[in-house]
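Chemist: Could you put the whole structure together from the sequences, leaning on the hints where they help?
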Amino acid sequence: MEVFFQTLVAGVLKGGLYALIGIGMTLIMGVMGIINLAHGQMMMLAMYLTYVCFHFLGIDPYVTLLVSVPCLFLVGVGVQKYTLNPLLKIESLLPENQVLMTVGVGMVLTEVARFIFTSNYVSVKTSYSDATFFIGGISFSVALTIAFGFACALTAGMFWFLLKTDLGRSIRAVAQDAEAASLMGVNADRIRTITMGMGAGLVAAAGTLLLPIYYLFPDIGGPFTRKAFVITILGGLGSTVGAILGGVTLGLAEAFGATYIGMDYEDMMGLVIFILVLLFLPGGFKRLTKV
Amino acid sequence: MREHRIPLILLALLLVLPLVVTEPYFQHLMILVLLWVTIGTGWNLLAGYTGQVSFGAAAFFGVGAYTAGLLSHHLGLSAWWGMALGGAVAVLIAFPFGWIAFPLRGAYFALGSLALGEVMRQVATSWESLTEGMVGILIMQTFISKLPYYYIALALAVGSILLVQAVTRSKLGYYFVSIREDQDAAASIGINTTKYKMISLCMHAFLTGTAGALYMNYMGFIDPHVVFSLHDISIMAILVAIVGGVGTLYGPAVGALIMVALQEVFRSAGFGALQALTDAMGGGFMTVVTKYVSQAHVLAFGILVVVVIMNLPNGVVGDWARIKRAFRRG
Chain A
1 MEVFFQTLVA
11 GVLKGGLYAL
21 IGIGMTLIMG
31 VMGIINLAHG
41 QMMMLAMYLT
51 YVCFHFLGID
61 PYVTLLVSVP
71 CLFLVGVGVQ
81 KYTLNPLLKI
91 ESLLPENQVL
101 MTVGVGMVLT
111 EVARFIFTSN
121 YVSVKTSYSD
131 ATFFIGGISF
141 SVALTIAFGF
151 ACALTAGMFW
161 FLLKTDLGRS
171 IRAVAQDAEA
181 ASLMGVNADR
191 IRTITMGMGA
201 GLVAAAGTLL
211 LPIYYLFPDI
221 GGPFTRKAFV
231 ITILGGLGST
241 VGAILGGVTL
251 GLAEAFGATY
261 IGMDYEDMMG
271 LVIFILVLLF
281 LPGGFKRLTK
291 V
Chain B
292 MREHRIPLIL
302 LALLLVLPLV
312 VTEPYFQHLM
322 ILVLLWVTIG
332 TGWNLLAGYT
342 GQVSFGAAAF
352 FGVGAYTAGL
362 LSHHLGLSAW
372 WGMALGGAVA
382 VLIAFPFGWI
392 AFPLRGAYFA
402 LGSLALGEVM
412 RQVATSWESL
422 TEGMVGILIM
432 QTFISKLPYY
442 YIALALAVGS
452 ILLVQAVTRS
462 KLGYYFVSIR
472 EDQDAAASIG
482 INTTKYKMIS
492 LCMHAFLTGT
502 AGALYMNYMG
512 FIDPHVVFSL
522 HDISIMAILV
532 AIVGGVGTLY
542 GPAVGALIMV
552 ALQEVFRSAG
562 FGALQALTDA
572 MGGGFMTVVT
582 KYVSQAHVLA
592 FGILVVVVIM
602 NLPNGVVGDW
612 ARIKRAFRRG
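So the sequences go chain by chain: A and B. Per this note's numbering, the first sequence starts with residue 1, numbered consecutively. Per this note's numbering, the second sequence starts with residue 292, numbered consecutively.
Any given hint might turn out to be false.
[As the list claims (entries may be wrong)] Just the calculated beta-carbon pair ranges, DEER-fashion: (1) B:L320 with A:Q6: 48 to 58 Å; (2) A:F115 with B:S559: 17 to 27 Å; (3) B:L421 with A:V3: 46 to 56 Å; (4) B:L368 with A:K81: 50 to 60 Å; (5) B:S417 with A:D60: 32 to 42 Å; (6) B:A375 with A:K89: 22 to 32 Å; (7) B:Y316 with A:K81: 38 to 48 Å; (8) A:V112 with B:F317: 31 to 41 Å; (9) A:L66 with B:G450: 15 to 25 Å; (10) A:Q6 with B:N602: 49 to 59 Å; (11) B:P394 with A:G136: 40 to 50 Å.
[Unchecked claim] Partial chain B-side listing against chain A, Cβ under 7 Å, derived: (12) V344; (13) L402; (14) G538; (15) L540; (16) L590; (17) I600.
In case anyone wonders, no lab produced these hints; they're calculated from the structure. Even for Gly, the Cβ is constructed at its ideal location relative to N, Cα and C.
Modeler: Structure (structure tokens):
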């Protein structure tokens with residue numbers, strides 16, 4: 001029974017970070033109607049930023065949040081403004097050329113990282129990387145718990161922003177109907193740019209928080225893009241609440257898969273869930289929660 | 292006959308080319324180009340004509356290659372049986388996949404297909420009793436000369452182009468295009484969209500699987516990371532089609548030539564030109580440049596995707612008129 005609760009805790013904590021990754025993806029999905037296949041690669045970029053700050057400047061990863069999030073916001077803005085927005089005006093046979101474009105952007109980011117940092121694994125070892133504390137016989141990783149706290153705070157902040165601010169309302173308006181929003185005087189291109197920046201910023205936060213307990217190499221982006229996608233499908237496309245549920249579900253599934261089936265199958269779990277959701281719950285959790 | 296003149300002249304050239312140019316390295320590159328013509332043409336049928344962008348070409352390619360390899364490895368049959376069976380087995384995989392994934396549209400279908408490729412790679416890696424896992428499969432090649440492989444690859448490439456041509460001129464092709472243009476409208480006039488998407492997917496799977504089986508026979512060695520590679524197979528297939536021209540008959544053929552040439556220029560650092568330059572200049576800075584260039588083919592592909600989508604959204608063949616105009620003006 002102890003193993004069960006231990007796995008549960010590990011899954012939920014990891015799920016908090018996954019939710020952060022998923023919310024960024026689902027925001028972009030909702031507003032632009034595209035899947036950002038460079039999502040994990042943006043996270044990889046934030047992780048390298050954190051690594052550089054820690055390794056060369058000695059800045060604590062949690063302080064680096066103040067650097068990595070704004071930096072990635074700018075990267076997201078740049079990607080949207082100079083590569084994706086122009087595509088809206090180009091006539092092409094393939095409706096998915098924006099998605100293909102994000103693939104290209106992701107490849108460029110990965111290879112640039114490989115040029116600068118080579119393919120070697122690196123990690124950030126802080127005093128709290130391996131630290132744990134116990135509540136009722138169940139161990140909590142300090143770093144993961146702090147990350148979970150940050151993730152919850154950022155998610156709550158995100159909700160407040162989307163529900164209460166003018167900009168948040170404009171974003172939701174564009175997500176619902178870009179044309180109607182334009183007619184009401186919302187600059188849809190600008191909203192798209194800001195949304196991409198925010199998605200990148202959120203995933204940057206997740207990357208920075210994850211780094212103290214994880215490792216890093218240029219190809220790490222791909223698996224996380226896939227995770228983000230599974231979370232988005234699981235939660236329901238464009239649903240923020242769904243992304244949180246999806247993130248926690250994926251975290252739990254991976255934890256239980258690793259404990260009860262075998263470490264090799266941790267990465268398979270996401271794909272299995274993906275297929276099960278498509279078969280039995282197309283539309284994801286959004287269909288159950290209606291938000 | 293007139294419209295066939297240029298393709299027929301090209302075909303005649305391709306038939307005598309390896310007899311004139313006997314350099315094995317060059318013949319090897321030509322075989323790769325022809326393999327990519329087949330794969331790109333298959334992808335173009337599914338994505339360019341039917342509008343279902345797939346990131347799963349590697350799944351079918353790998354299944355075809357493993358079919359050929361495992362027939363030889365476990366049953367002791369000639370791997371050439373794989374040429375007949377590889378495509379069929381790929382279709383068997385395509386069927387349940389299409390059943391699961393075709394309710395998805397657009398980008399979601401694309402990601403479903405990406406997941407298929409990843410699942411297949413995981414299976415090939417983990418199921419060691421069948422596939423030997425990461426060790427891979429090694430078989431003896433039948434021919435020492437590259438000529439037989441060249442002509443088989445040529446036959447396959449020509450066959451795939453003829454197939455797509457026949458399809459696009461038939462009713463089937465019009466159904467495909469109607470699905471690409473507007474799936475709901477197609478359904479509303481009584482086209483069974485799932486059925487025709489499935490037919491398109493199966494043709495794509497068959498061509499890609501057969502190409503995979505030929506790859507196994509030709510290279511003699513495969514492992515999960517080579518034949519189920521996302522970048523080197525699935526994305527390369529997409530690049531071949533979009534660079535050449537999506538939804539055009541000869542686009543993938545042009546794209547295959549460009550992409551294989553580009554890949555090789557980077558891999559060999561300008562066919563050894565940079566290396567020669569390094570030796571002439573006495574190492575130092577140029578050694579670093581040469582090393583980077585030879586690693587940069589994926590970066591170049593990434594930049595190429597961005598540039599092509601922005602400037603030539605319909606590829607070299609699709610935007611040929613625009614390219615010509617730009618050159619005349621400039």
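Chemist: Now tell me, hint by hint, if it's right for this structure.
Modeler: Hint check results:
Checking the proposed 48 to 58 Å range against B:L320 and A:Q6 shows it holds: the Cβ atoms sit about 55 Å from each other. One distance hint, 17 to 27 Å for the beta-carbon pair A:F115 and B:S559, holds here, with the actual separation near 19 Å. For B:L421 and A:V3, the Cβ-Cβ distance of about 32 Å falls outside the hinted range of 46 to 56 Å, so the restraint is violated. With their beta carbons about 57 Å apart, B:L368 and A:K81 fall inside the hinted range of 50 to 60 Å.
Taken as a hint, the range 32 to 42 Å holds for the pair B:S417 and A:D60, whose Cβ atoms sit roughly 39 Å apart. For B:A375 paired with A:K89, a C-beta distance near 48 Å fails the hint of 22 to 32 Å. One distance hint, 38 to 48 Å for the beta-carbon pair B:Y316 and A:K81, holds here, with the actual separation near 44 Å. The supplied range of 31 to 41 Å is met by A:V112 and B:F317, whose beta-carbon atoms lie about 33 Å from each other.
Distance hint check for A:L66 and B:G450: the Cβ-Cβ separation is about 60 Å, which falls outside the suggested range of 15 to 25 Å. A:Q6 and B:N602 have their C-beta atoms about 55 Å apart, which keeps the hinted 49 to 59 Å range intact. Our hint of 40 to 50 Å for B:P394 and A:G136 holds, since their Cβ atoms are close to 45 Å apart. Interface restraint check for B:V344: the shortest CB-CB distance to chain A comes to about 4 Å, inside 7 Å, so the restraint holds.
Interface hint status for B:L402: upheld, as the beta-carbon distance to the closest one in chain A is roughly 5 Å, under 7 Å. At its closest, the beta carbon of B:G538 sits 5 Å from a beta carbon of chain A; the interface hint therefore holds under the 7 Å criterion. The closest approach between the C-beta of B:L540 and any C-beta of chain A is roughly 13 Å, which is over the 7 Å cut-off, so the hint fails. Because the smallest distance between the Cβ of B:L590 and any Cβ of chain A comes to about 4 Å, under 7 Å, the interface hint for this residue holds.
Interface restraint check for B:I600: the shortest CB-CB distance to chain A comes to about 5 Å, inside 7 Å, so the restraint holds.
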